[in-house]
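Per our numbering: the sequence shown = residues 1 to 731.
The set of hints was computed from the structure by calculation and includes no laboratory data.
Each hint should be verified, as a subset may be incorrect.
The calculated lysine-lysine pairs, modelled on DSSO-like cross-linking and capped at a C-alpha distance of 30 Å, are [claimed, not checked]:
1) LYS14 / LYS94
2) LYS647 / LYS704
3) LYS94 / LYS38
4) LYS627 / LYS94
5) LYS67 / LYS14
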Amino acid sequence: PSVPRHTNRLINEKSPYLLQHAHNPVDWYPWGQEAFDKAKTENKLIFLSVGYSTCHWCHVMEEESFKSKEIGEIMNEHFVCIKVDREERPDVDKVYMTFVQATSGGGGWPMSVWLTPDLKPFAGGTYFPPEDGVHRVGFRTVLLRIAEQWKENRDALLESSQRILEALRHTSEICVQGQESPPPAKEVMDTCFQQLSRSYDEDYGGFSKSPKFPTPVNLNFLFTYWALHQTTPEGAQALQMALHTLKMMAHGGIHDHIGQGFHRYSTDQHWHVPHFEKMLYDQGQLAAMYSTAFQISGDEFFADVVRDILLYVSRDLSDQAGGFYSAEDADSYPTATSGEKQEGAFCVWAAEELRALLPDPVKGATEGTTLADVFMHHYGVEEAGNVDPMKDPHQELKGKNVLIARCSPEQTAAQFGLEPVWLSALLQECRQRLSSARAQRPRPHLDTKMLAAWNGLMISGFAQAGAALGEQGYVSRAVQAAAFLRTHLFDPNSGRLLRSCYRGKDNSVEQSAVPIQGFLEDYVFVIQALFDVYEASLDQGWLEWALHLQHMQDKLFWDPKGFAYFSTEGGDPSLLLRLKDDQDGAEPTPNSVSVTNLLRAACYSGHMDWVEKARKILAAFSERLQKIPITLPEMVRATAVFHHTLKQVVVCGDPQGEDTKEMLHCVRSVFSPNKVLMVADGDSTGFLYRQLPFLAFLERKDGKATAYICSNFTCSLPVTSVQELRGMLSP
């Protein structure tokens, strides 16, 4: 490779996103004191650019503007330029995204914000084209105008930035408004269900026309709504909405039929043409959702999708030390000699390619039928390509096909006169051939950053899948990843989580010179994962660590005045706002998950202060939960769990005994959103017995594995029959 003409300070960073910009002619600084001091000393404005390594429009803005020598000179002359990886520093991202959304009505990445030397924002947006167009001002023009304003109207800009900051502080405050009780669960659940029903797409599933996102938080809510309303028409409707959405997604182009896993979102109503990046947090949450769908329905279709997701993550997003990588990019080079990357190039197919790869005649089918005929019919392949030009503004997918299961296996089999079982084997053979062919293409960029929060979500995916499907290998993978977190993303001296670590040279795991401390979301998703790992593996060490981290989360993030948790620690002067997220998005908001975590923690420890904290979170968000619960479906779900009280399902027996295993299988095979599982193995010196003295009074009946259903540490009569236990597990 040629020697780069420019190298800036980002060359010393670990983040793949920052390293992508290390050879721009822009004099980039990472977020930190060196940049802040330079801005103050030279009395210069700061240009802050925030993005992530698999962001398509971030790549576009880099190619057009940040690689331009001329634009780089303007940036270097007038501004101190700072680059931030939003996945590394969600705290910085949230502060300035709050500003951009409040002042422009929209948001997204790349985020471009101009700050005063004391870090207060006064202008911002997202992607800017380099030059002026008919409808948009170009980046060069914006830079020069803002530099001119700073020169001519400095005092007015400073005053304006102060006013903006005060307004943001006021509008972003979430605290208890007088009333100090959680909202009524039934009313909030019903309102959320009605709001979701109104946005539900009955034909294709999902909750909007387009673009269409997976939104696991909505599906999780619907499963819980069904569990608590099983005998009502609304309950049946909720279940149908969730299962239909999951089926349509699995059939769609958002699901990678050749390389497994799910892409970020669909650009159309039909789940057909995706935005092709793949994010770890989607795989983790969708593995959990498809596991729940299998638990409830018993339909192997959903179990197969779980296996598909976990195969992808194990093969393509796993570090050899046990952690999980963050994402795969949407863009890649179509061929090894291409000069320009294109979105989806790794995943799409031309009809003639498929004919060349699948020329074999099919035995037993209509005369002259080839493998390609069967495969192309089943997956909606068209000779001229199957992508709507309206969904392909840059014509990167012209003449190409995004695979989508257009027919049921029965329909395709009937079309060609085949047995459905034989068809399944044929399609499997075709997919394997295409997988081998695709492996010859240049791969998309892999972001090998490992984040505590997203690893937590993925560990939950493996642990819940292992429990629901009875697959010990998935439980072992969850345990391996939890051990990775304890080794690489936890500081035993301070007892605190770290945010990120990185794949280094020779596949070692590296840490930044100054490690980034964990944020609220890191604690919340890791604690949730550790509870899931305990329930799947029964190793009490994970419980002990989870409870330690919950105490640490309380200490670092709890707001004793307004209740609920702040997203960030206090005491960082470079963060102008301490925020509380108030919307479940691609991931649930940490306060939503914290409610359930706190209730689980109380069940495993007897520490009732945690139930009180859960109540206070719900009280802090009460107004929002009652008015627009659809913005917080995971917290609405947690409200129901809070009001229904968690059931402690205690199985007394030898964890290795067949009778105990049979009971555990029964507990794990039933979806009950308000249960926690624990095993009393008779070891009175163990962690659980020390935490919960009442366990010592629970005994096996007639020497058999025995279950008790306890609520607030008061227990039912002993149960030794699996059938009886199954009946008692219903919410």
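Cross-check of the supplied hints:
no.	hint	verdict
1	LYS14 / LYS94	21 Å, holds
2	LYS647 / LYS704	22 Å, holds
3	LYS94 / LYS38	24 Å, holds
4	LYS627 / LYS94	24 Å, holds
5	LYS67 / LYS14	21 Å, holds
The structure meets every hint from the earlier list without exception.
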